[in-house]
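Quick note, the sequences are listed as chains A and B, same order. Residues in the first sequence are numbered from 1 upward in steps of one, following this note's numbering. Residues in the second sequence are numbered from 1001 upward in steps of one, following this note's numbering.
Fair warning: there could be bad hints in the mix.
[Said to hold, decoys possible] To give an idea of the chain A side of the interface with chain B (calculated C-beta under 10 Å), a few residues:
| # | residue |
| --- | --- |
| 1 | 43 |
| 2 | 66 |
| 3 | 95 |
| 4 | 101 |
[Claimed, not checked] Counterexamples of contact, computed for chain B against chain A with all Cβ distances above 10 Å:
| # | residue |
| --- | --- |
| 5 | 1023 |
| 6 | 1121 |
| 7 | 1135 |
None of these hints come from the bench; they were simulated from the model. Glycine included, each C-beta is placed from N, C-alpha and C at the ideal position.
Number of protein chains: 2
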Amino acid sequence: MVRVLGVDPGLTRCGVGVVDGAPGRPLRMVGVGVVRTPADAEIGQRLLQIEQGLERWFDEHRPELVAVERVFAQHNVRTVMGTAQASAVAMLCATRRGIPVTLHTPSEVKAAVTGSGRADKAQVTAMVTRLLRLDAPPKPADAADALALAICHIWRGGAKTRIEAALTAGHQGRARPGTSWVHGRPRP
Amino acid sequence: MVRVLGVDPGLTRCGVGVVDGAPGRPLRMVGVGVVRTPADAEIGQRLLQIEQGLERWFDEHRPELVAVERVFAQHNVRTVMGTAQASAVAMLCATRRGIPVTLHTPSEVKAAVTGSGRADKAQVTAMVTRLLRLDAPPKPADAADALALAICHIWRGGAKTRIEAALTAGHQGRARPGTSWVHGRPRP
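Using the sequences provided together with the hints, build the complete structure.
Next comes the structure, spelled out in structure tokens:
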């Protein structure tokens, strides 16, 4: 089992979701929430509040891996700069702690949890609710994407990692629990 | 006199320039350089290296104000995301230390040092060299923009700040040296 913290970056609402899981095993939601910053605050203050908010999530849940949504410049020019800057803060927080960070595109995330890279938000939320066996859709709704990112990472990273871990264990004649995820993460 | 650290953000080369000055007084270059990160490193590692590099500049030169180039989404889509992320790190470093950050557009910077918002890079470098009374153009060349940002901020922030400082001193019946820049910085 591995604990993944997913981040759906944004300046106004930065979605955070923590999931425990392994490929082929039931997933478990550990936590979900949103780090918010006021739209009328200065940009430096907003980035600092995101950093402080994310640090609390890292402190509380101690994720082993972090998955962040990959931001594209061609999407929504009006908000993309803030999204890129919030994602930088998330990557920085993780890297400072030595936690491997992987970026997944929105299409990869949608395909992982719904089977279609073109699924809409309702489909993603429905599948996240089902896969995590929640009684109700995760709240706030924005944070469903962060949970989907974490699930995507567990499944995509998982198959490759298990093979690498098995190979490593075979070569060395012993298992190396706890380290295989770090070395086996997918390259960007 | 005020000490301004200018940052021309970038993932591969992040220009840094420190200038002491005040409106109507000669400017003095305190330091100039570039924080570099390898293009083949992971993005999280690159952001961490930029943070560590900038922290050294803050530690060494103790700037009172920070000026960062404002990044626009419509410019060069291929590199703009990295530029936005590097600028986020610069704003975060300054804000964590309680140092006011101001963004200036490239046009504002060019207009401040050359008189034209459409000046080319050679003009900006020539004027930075002249204004700082350097024997040769600043090296590395990329960092001339960071010095231009710092100069722009001293001049733009300065006029407004002196008026506000005078008003504040008048109202309170005394000068408040050292604090006027913080309270008098231009709002974004």
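The hints, checked one at a time:
no., hint, verdict
1, 43, "6 Å, holds"
2, 66, "9 Å, holds"
3, 95, "3 Å, holds"
4, 101, "4 Å, holds"
5, 1023, "23 Å, holds"
6, 1121, "23 Å, holds"
7, 1135, "35 Å, holds"
The structure is consistent with each of the numbered hints, conforming to all of them.
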